[in-house]
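Residue numbers (numbering that gives the first Met the number 0), protein chains in the order written: chain A, 0 to 303; chain B, 0 to 287.
In short, the hints are calculated from the structure, not lab data.
Built from N, CA and C at the ideal position, the CB exists for glycine as well.
Be aware that a few hints might be false.
To be verified - For the chain A half of the interface with chain B, some residues (derived, Cβ under 8 Å), not all of them: (1) Ala32; (2) Ile153; (3) Ile155; (4) Pro158; (5) Thr162; (6) Leu185; (7) Tyr266; (8) Leu281.
What the hints assert, rightly or not - For the chain B half of the interface with chain A, some residues (derived, Cβ under 7 Å), not all of them: (9) Val28; (10) Asn120; (11) Pro135; (12) Ile198; (13) Leu260.
Said to hold, decoys possible - Pairwise CB distance ranges, derived in the manner of DEER restraints: (14) B:Ala182 to A:Phe45: 39 to 49 Å; (15) A:Trp210 to B:Leu23: 35 to 45 Å; (16) A:Ala66 to B:Ser174: 47 to 57 Å; (17) B:Gly230 to A:Phe294: 20 to 30 Å; (18) A:Leu41 to B:Phe150: 57 to 67 Å; (19) B:Ala173 to A:Ile155: 52 to 62 Å; (20) A:Ser22 to B:Thr95: 38 to 48 Å.
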Amino acid sequence: MTLLRKSLADRGAGAPARRRMKSQYPMWFYIPAAIFFVGLFLVPTFASFYYSLTRWTLFETEFIGLANFEQFFQEPALVQGFTNTFIYAFVTSALKVVIGLALGVLLTSNIVGRGYLRAVVFFPVLVSTVGVGVTFRVLMDPQDGLINESLALIGISGPGWLTDPSLALLSVAFVDVWKGVGLATLIYIAGIVAIPQEYFEAARVDGAGRWNNFRHIILPLARPATVTVVILSLIGGLRSFDLIWAMTRGGPGFTSDVIASVIYKQYQAGFFGLSTAGNVVLFVVVAAIVVPLSFWLNRKEVDA
Amino acid sequence: MSAATPRTGAARRTRRRPGLVLGLVSIAVSSVVFLVPFVFIVLTSLKTRQEASLLEFAWPSEIVFFENIVTVFENNDFELIRAFTNSAILTVAAVTIMVVLAAMVGYVLQRRTSRWNGFINFLVLAGLIIPPAVVPTVTVMQEIGIYRTMFGLIAIHVAFGLSFCILLFRAFVASIPRELDEAATLDGAGPMRLFFRVIFPLLRSVIVTVIVVQAVTVFNDFTYALYFLPGQDNATVQLTLYNYQSQGLNQWNLLFTNVLLITIPPLIMYIFFNRQIVAGMTSGAVKG
């Protein structure tokens with residue numbers, strides 16, 4: 000192949016030398032994309048490090064060192080947003096992995112109505128998050144909501160899903176899983192289908208049952224899918240804003256606030272420096288969790 | 000995807016029974032969990048205001064679907080029509096720019112080895128992971144005069160969506176043989192012609208995937224519109240929903256008619272481009 004390429008290049012020597020000097024893959028192809036990316040993403044990201052160290056209102060900016068970060072980790076409402084972010088991301092990722100894997104196995108097996116099931120599970124992924132949030136706010140209404148009315152039919156008095164301070168964050172997390180699990184399922188289906196059939200045939204010769212198939216073939220070989228699901232749901236979960244905002248706006252009180260909603264609240268209130276400090280905190284949190292984790296997950300894959 | 004389907008006859012015969020029972024149970028459970036909320040949306044949008052306020056999961060005694068749709072469209076001086084126009088302009092413009100620019104980057108990034116490659120790959124991943132900083136972005140947009148403008152929001156979506164598109168394009172370009180480039184070059188094609196006349200048409204399948212996935216993302220976006228294009232005049236469809244909700248009126252029938260209307264475009268996309276959406280969203284699942 001290399002020889003062929005060389006001879007082709009040699010034959011092209013008749014063309015003007017200037018043409019061969021210039022690459023067919025010009026660097027300026029990067030420039031239009033770079034203008035958008037640098038101007039609206041890189042510059043603001045770097046600027047945020049400086050502005051997070053200032054008291055910044057509409058009219059002036061004043062350098063105040065790390066005071067914003069001190070406030071962020073001292074004011075109870077803000078601290079709660081910080082810890083909630085981890086709870087939310089962890090709960091949604093864990094449930095998406097477990098349920099996604101279970102559904103992935105189910106929907107690659109030989110069952111009736113597989114096409115229908117795949118479509119039904121996946122469709123919420125494409126629906127607007129605000130629409131889902133609004134709908135579930137109604138379904139989770141403590142008195143008239145469909146969920147509690149159905150529970151009442153079988154004699155359970157359902158909790159105030161979104162009004163109980165200890166439950167609101169988890170309720171939103173469940174809706175997040177409801178909306179997002181279809182994507183995790185699809186990723187698992189793609190991963191499981193890519194497993195060569197020979198493994199399953201060899202296992203059948205050895206007399207392996209369904210559980211052994213799952214434990215010793217699907218689970219280890221669907222690992223790339225697990226890595227993708229974990230990383231995607233963690234990034235999404237840590238940054239999550241729109242569903243929480245549509246369902247509770249961080250309430251009741253601050254019990255379902257996360258960093259992203261704190262950022263928006265402080266921005267609306269005009270505390271631009273504090274809001275930007277929240278952005279820096281979120282940046283650090285996401286990077287500190289996602290980057291090492293993806294390195295670790297991908298490395299173990301190479302070892303195996 | 001069909002690779003998993005063929006099995007030997009014996010296996011199929013022994014598995015049919017549990018497959019049937021399990022399948023019926025799954026269909027029942029998934030219908031309750033995943034379909035009931037959508038049926039609820041449709042039912043409520045059929046009802047009158049009084050009946051809808053009961054929030055019941057029941058067939059309406061009087062169907063006023065058409066009236067509801069008219070009211071929703073007329074509300075706030077035809078806000079929803081403006082919102083659909085805005086969302087359409089936003090989606091088409093942002094996705095078009097994104098596709099062309101990301102294809103150019105993905106192509107050169109895959110083809111040309113230079114000392115910049117590592118750095119650019121790093122930036123692409125950073126763009127996927129790092130949450131955008133709200134206030135500094137607003138400041139930058141104000142400085143260049145695109146804050147609260149439709150072009151500003153388009154540019155924002157382009158900037159934040161590029162990374163995902165570049166990754167897909169880079170992977171796809173790798174499957175196009177370089178010999179093709181060389182043949183075109185021998186025929187006298189310059190860089191522009193080589194890319195736009197030879198390579199770009201070959202990217203068709205991945206372009207469709209990127210268009211569909213990004214169109215749904217941009218159309219459904221709420222956060223960036225809330226941050227960077229606030230105000231009622233140029234609301235996108237997602238914000239109309241939000242405005243309804245914050246008006247605090249008990250007009251559930253209209254609210255859910257609105258939800259239903261803005262769910263239709265993604266539904267149409269899903270029906271026609273099911274395969275491309277699945278391909279785009281699961282890319283990386285196999286390779287990691």
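Hints, verified against the model:
Below 8 Å, beta-carbon pairs count as interface contacts, and Ala32 of chain A has one with chain B at about 4 Å; its hint therefore holds. Checking Ile153 of chain A against chain B: minimum C-beta separation of about 13 Å lies over 8 Å; hint violated. Hint status for Ile155 of chain A: violated, given a least beta-carbon distance of 16 Å to chain B, over 8 Å. Taken as an interface hint, Pro158 of chain A does not check out: its beta carbon lies about 17 Å from the nearest beta carbon of chain B, beyond 8 Å.
The closest approach between the C-beta of Thr162 of chain A and any C-beta of chain B is roughly 15 Å, which is over the 8 Å cut-off, so the hint fails. For Leu185 of chain A, the shortest C-beta to C-beta distance to chain B is roughly 5 Å, which falls under 8 Å, so the interface hint holds. With 8 Å as the threshold, the beta carbon of Tyr266 of chain A comes within range of chain B, its nearest partner Cβ sitting at about 6 Å, so the hint holds. The criterion of a C-beta within 8 Å of any C-beta in chain B is met by Leu281 of chain A, whose closest approach is roughly 5 Å, and the hint holds.
Because the closest C-beta pair between Val28 of chain B and chain A is about 10 Å apart, greater than 7 Å, the hint is violated. Because the smallest distance between the Cβ of Asn120 of chain B and any Cβ of chain A comes to about 12 Å, over 7 Å, the interface hint for this residue is violated. Contact between Pro135 of chain B and chain A, as hinted, is supported at the beta carbon level, the nearest pair being about 4 Å apart and thus within 7 Å. The beta carbon of Ile198 of chain B is not positioned within 7 Å of any beta carbon in chain A (closest approach about 10 Å), and the interface hint is therefore violated.
With its C-beta approaching chain A no nearer than about 10 Å, Leu260 of chain B sits outside the 7 Å limit, and its interface hint is violated. Distance hint for Ala182 of chain B and Phe45 of chain A: a CB-CB separation of about 44 Å, consistent with the stated range 39 to 49 Å. Take Trp210 of chain A and Leu23 of chain B: their Cβ atoms lie about 22 Å apart, and the range 35 to 45 Å is violated. Our hint of 47 to 57 Å for Ala66 of chain A and Ser174 of chain B holds, since their Cβ atoms are close to 53 Å apart.
The hinted range of 20 to 30 Å is not satisfied by Gly230 of chain B and Phe294 of chain A, whose Cβ atoms lie roughly 43 Å apart. With their beta carbons about 20 Å apart, Leu41 of chain A and Phe150 of chain B fall outside the hinted range of 57 to 67 Å. One distance hint, 52 to 62 Å for the beta-carbon pair Ala173 of chain B and Ile155 of chain A, holds here, with the actual separation near 55 Å. A beta carbon spacing of about 27 Å between Ser22 of chain A and Thr95 of chain B contradicts the range 38 to 48 Å that was offered as a hint.
The structure fails hints 2, 3, 4, 5, 9, 10, 12, 13, 15, 17, 18, 20 (numbered hints given earlier, in ascending order).
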